[in-house]
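*Asks:* Got chain S; can you put chain L on it based on the hints?
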Amino acid sequence: MSRSNGLEPSRLHSADVLRTASVGLHTRRLRAALSALGIMIGIAAMVGVLGLSESSKSDLLAQLDRLGTNLLTVQAGTGIGIGTGELPTEAAGMISRIGPVEQTSTISAVDANVYKSDYIPEGQTGGITVQAIDVNLLDTLAGTVADGKFLDEATASYPTAVLGSVAAERLGIREVTGTQQIWLGDQWFTVIGVLDEFELNPDLDRAALVGMATSEDYLHHEVIPSSILIRVDPNYVDDVTGVLAATANPQNPEEVEVARPSDALEAKEAADDAFTALFLGLGAVALLVGGVGIANVMVISVLERRSEIGLRRALGATKRHVALQFLGEALLLSAVGGAGGVALGWAVTGVYANVRGWDTLIPPVAIIGGVAAALLIGAVAGLYPAIRAARLSPTEALRSA
Amino acid sequence: MTATMAADPSAASAGSDVVLSLRSVTKEYPTTPPVRALRGVDFSVARGELIGVVGPSGSGKSTLLHIMGTLDRPTVGKVTVAGYDIDDLSDRDLSALRARYIGFVFQQFHLLSGYTALDNVADGLLYTGLNLRTRRHMAEQALRRVDLGHRLGHVATKLSGGERQRVAVARALVGTPSIVLADEPTGNLDTKNSDAIVDLIRQINAEGVTFVVITHNPEIAGAFPRTAGLRDGRIEYDTGLER
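Residue numbers (numbering that gives the first Met the number 0), protein chains in the order written: chain S, 0 to 400; chain L, 0 to 242.
Bound-form chain L, shown alone:
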């Protein structure tokens, strides 16, 4: 993980450990009447952090995740990811940025149903230019990292919910991204599996992977080293700033 970052000159020239930063980010959807999902959000993530962002539905969580993940651009404000100012990047460049620096974990897992766990994870590297052999090799390592070494050849539909989310986590990790964004990763899981996924995230974070977990569950967010509360498109509190 750190090797990737050090090798990246633009990140190094930023002269800090900041992986992602939002400066006065506002997002307005041009509906009638216009909806302001985010209102002047300042937020930054340093390398190696594990952050829970918590907020009720409609607080702007998903919008925040999309903007952090460069899937959407802010109406106003500045977003920097892995040293890149996304204002300077085209849509194509953003795709390349996501392929290289950002991993995603979704509530609905988003696995391809007819494919094996191994191929699903290998698809996490599909748009990086690596060949299939290398992708599968790295996918196998990632699956072992989430304790699914025994499920490599299992078709996604034959896996339990907890296992599917592990596969999704492995897919997010396989490209050694600078940051992993998880959108309600436990939302579709029972308590036991939910705890297991939270433990897995902690364990992987301990190995050096930067995580932002978005959740509506204060209990899950509160257990992470840093918690930010979101309400009505504003950061209500951020334990990272108090420290």
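Chain S extracted, bound-state conformation:
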């Protein structure tokens, strides 16, 4: 009977669904804004975390790209029961004969201290070391000069020094004038350059660097390699790593420590990932709380708007129409919150990345996922209030007015 009686309820046009769903937002704006804010904060946190992690990761990758992951270092092992703690003098030469090795650069620690002048008490070394180096060190480490010049074949045999960034700061040298002198190993050395921070070898930031010849001629230093830096064909890094210890010290390969400085950066990235997961979890909690807020507001809204529900039933709304209206309202609230959250998260990422000098990168999955999560939360939060609204009998709804 009911199918042939011509009384089929009309379907609402989608524009009308939207219109009825927005009634609550329209008439109670502050409350709507506040409940959308809950979702917004949750989504903003998640988008921001994903955006920041992506942006910093891209920066780290760019850094790794710039510095290369093909730098290896060989060092004399230190510790109990380990031989002399020295690398053989011929180690660098032997290493450079390994096929894929492109470049080697030797560093030899000099037993000397550096002072600003000869009036400084002996104990105040400032923790600055003196290292004798090959002139290709800067190139091998992809380092840069902040001011002045690096050592070259000529200056490497005179009493001249180049300072690492920390060493320069401790010695009070900001700009290189060419006339500044430091008291190095009981002699005056002229400072010809100051370096930027080394991203891969922070140890060298606290060093005064002198040429190999200088160290022998002026400081009576016997050049024994303390560490050797090696650039390798990127395709053979692992192969070279495998033979490096035995090549550097064939007699006692176990006394050689082989390291890959870029591993430290990669470890940092892994640590960042762990934090990202933690913050994402916090964002999810915020989102959940936002969802509870929407559910709460919707339940109150249904209670307050009983007379409107009664009126709509009297005007011919079916239970479905009423449920759709309140579910739509919850979805609308969460969609507004979700969109706002994506925008806010984006803005926060943009500002922070800008400050840090990163590119702003928001992964698309964060945007799509953010809005989708908001809608899902809205649907779940709105379902129960919508069903309650639909189940309200029209007479009861009208009586309560």
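Among the hints, erroneous ones may be present.
Quick list of simulated restraints, FRET-style, between CB atoms [to be verified]:
1) L/H136 with S/R319: 53 to 59 angstroms
2) S/D58 with L/T133: 56 to 62 angstroms
3) L/R132 with S/R319: 20 to 26 angstroms
4) S/G356 with L/G113: 47 to 53 angstroms
5) S/V364 with L/H153: 55 to 61 angstroms
6) L/Y28 with S/E7: 27 to 33 angstroms
7) L/Q140 with S/E7: 23 to 29 angstroms
8) L/K77 with S/E7: 22 to 28 angstroms
Sample of chain S residues with no beta-carbon within 10 angstroms of chain L, all distances over it, derived [as the list claims (entries may be wrong)]:
9) H12
10) E101
11) D117
12) E152
13) G171
14) G184
15) I223
16) L281
17) V288
18) L302
19) A313
20) T317
21) D358
22) L360
Here are the computed lysine to aspartate or glutamate pairs in the DMTMM-like style, where the Cα-Cα straight-line distance is at most 20 angstroms [claimed, not checked]:
23) S/K318 with L/E206
24) S/K56 with S/E256
25) S/K148 with S/D195
26) S/K318 with L/D86
27) S/K318 with L/D87
28) S/K148 with S/D117
29) S/K148 with S/D138
30) S/K115 with S/D138
31) S/K267 with S/D58
Keep in mind that the hints were calculated from the coordinates and are not lab data. None of the values given here were measured: they were computed from a predicted structure. Each residue gets a CB set at the ideal place from its N, CA and C atoms; glycine is no exception.
*Replies:* Here is chain L on its own, set in the frame of chain S:
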């Protein structure tokens, strides 16, 4: 109005001018103890009538209105609206029936506060499947019919009580229903506005719209062409039956 009725085959097949009829309707609420709000009510409304139903509070007026308006079903008895026996109709069908054949006017007006008079009236057609443009066009005509052509764009909260009830009347009329049920339409109005609404109802009835006005005020009900008195869930008198 009449065009709608003639076009409806089920109403035509009923072979009469009866728009609404209640046969031995009893309504019992399952409270403890059970409340019998209506006890064997027989009542019918013919097309074009203007009826006042009067009774003190607790006499079953609201229950009668809800059952006439298909917002509730009787415990016992038969209700026919616009030719449809509501026993044969599902809840969904009743919604469609209300959307098409019944208009309501309430004591509290029930307007959406943030919306204009025009949109409030247009909402009277929301569940009929007409598009927004048509709804607004018809709403404008309905508002002009209740002399509110100059208030189309006014937000409901900015209107006076009398104007709000006019908007509510326009909303009830806009879908050209077979019958308009008014529940204490003057209950929230002062004497002047109350008289104006009664006059409006008379005027619209004169244009052919069937009206049942429920009120506790014998003066208002008594001024209508037909009056029925309700007491303790029974029709005490009905001037329509005496004629």
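*Asks:* Now tell me, hint by hint, if it's right for this structure.
*Replies:* Hints, one by one, checked against the model:
As the Cβ distance of L/H136 to S/R319 is approximately 27 angstroms, the hint placing it in 53 to 59 angstroms is violated. The hint said 56 to 62 angstroms for the Cβ distance between S/D58 and L/T133, and at roughly 58 angstroms that hint holds. At roughly 24 angstroms, the beta-carbon separation of L/R132 and S/R319 lies within the given 20 to 26 angstroms, and the hint holds. A C-beta distance of roughly 48 angstroms is found between S/G356 and L/G113, which places it inside the suggested range of 47 to 53 angstroms.
Under the hint 55 to 61 angstroms, the C-beta atoms of S/V364 and L/H153, about 48 angstroms apart, miss the expected range. Checked against the hint of 27 to 33 angstroms, the C-beta distance between L/Y28 and S/E7 comes to roughly 31 angstroms, which is consistent with it. Evaluation of the 23 to 29 angstroms hint for L/Q140 and S/E7 yields a pass: the beta carbon distance comes to about 26 angstroms. Between L/K77 and S/E7 the beta carbon distance is about 23 angstroms. The supplied range of 22 to 28 angstroms therefore holds.
Remark: the non-interface label on S/H12 conflicts with the geometry, its nearest Cβ contact in chain L lying 7 angstroms away (cut-off 10 angstroms). Distance check on S/E101: its Cβ is at least 74 angstroms (rounded) from any Cβ of chain L, clearing the 10 angstroms threshold; non-interface status holds. Taking the minimum C-beta to C-beta distance to chain L, about 85 angstroms, the non-interface status of S/D117 holds against the 10 angstroms cut. Taking the minimum C-beta to C-beta distance to chain L, about 83 angstroms, the non-interface status of S/E152 holds against the 10 angstroms cut.
Separation of S/G171 from chain L is adequate, the least Cβ-Cβ distance of about 70 angstroms exceeding the 10 angstroms criterion. Distance to chain L confirms S/G184 as a non-interface residue, since its nearest Cβ pair spans about 85 angstroms, more than 10 angstroms. Distance check for S/I223 against chain L: the nearest CB is about 86 angstroms away, which clears 10 angstroms, and the non-interface claim stands. Separation of S/L281 from chain L is adequate, the least Cβ-Cβ distance of about 37 angstroms exceeding the 10 angstroms criterion.
The beta carbon of S/V288 is kept farther than 10 angstroms from every beta carbon of chain L, the shortest such distance being approximately 29 angstroms. Interface exclusion of S/L302 from chain L stands, the closest Cβ pair being 16 angstroms apart, more than 10 angstroms. The non-interface label for S/A313 is inconsistent with chain L: the shortest C-beta to C-beta separation is roughly 5 angstroms, within 10 angstroms. Once the 10 angstroms rule is applied to beta carbons, S/T317 is inconsistent with being away from chain L; the minimum gap is 4 angstroms.
The claim that S/D358 lies off the interface holds: its Cβ sits roughly 45 angstroms from the closest Cβ of chain L, which is beyond the 10 angstroms cut-off. Listed as outside the interface, S/L360 is consistent with that label: its C-beta sits roughly 42 angstroms from the nearest C-beta of chain L, beyond the 10 angstroms cut-off. Between S/K318 and L/E206 the CA atoms are separated by roughly 34 angstroms; this puts the pair beyond 20 angstroms, and the hint is violated. At most 20 angstroms may separate the alpha-carbon atoms for a hinted pair to count; S/K56 and S/E256 exceed this at roughly 29 angstroms.
Distance restraint check for S/K148 and S/D195: the Cα-Cα separation of roughly 12 angstroms lies within the 20 angstroms cut-off, and the hinted pair is therefore satisfied. For the suggested pair S/K318 and L/D86, the alpha carbons sit about 18 angstroms apart, so the restraint of at most 20 angstroms is met. The straight-line distance between the Cα atoms of S/K318 and L/D87 is roughly 18 angstroms, inside the 20 angstroms bound, and the hint therefore holds. With a C-alpha separation of about 25 angstroms, the suggested pairing of S/K148 with S/D117 is violated against the 20 angstroms cut-off.
The suggested pairing of S/K148 with S/D138 holds, with an alpha-carbon distance near 13 angstroms, which does not exceed 20 angstroms. A C-alpha spacing of about 28 angstroms is found between S/K115 and S/D138, which places the hinted pair above 20 angstroms, so the restraint is violated. For the hint linking S/K267 to S/D58, the alpha-carbon distance of about 12 angstroms falls within 20 angstroms, and the restraint holds.
This entry does not satisfy hints 1, 5, 9, 19, 20, 23, 24, 28, 30, going by the numbered hints stated previously.
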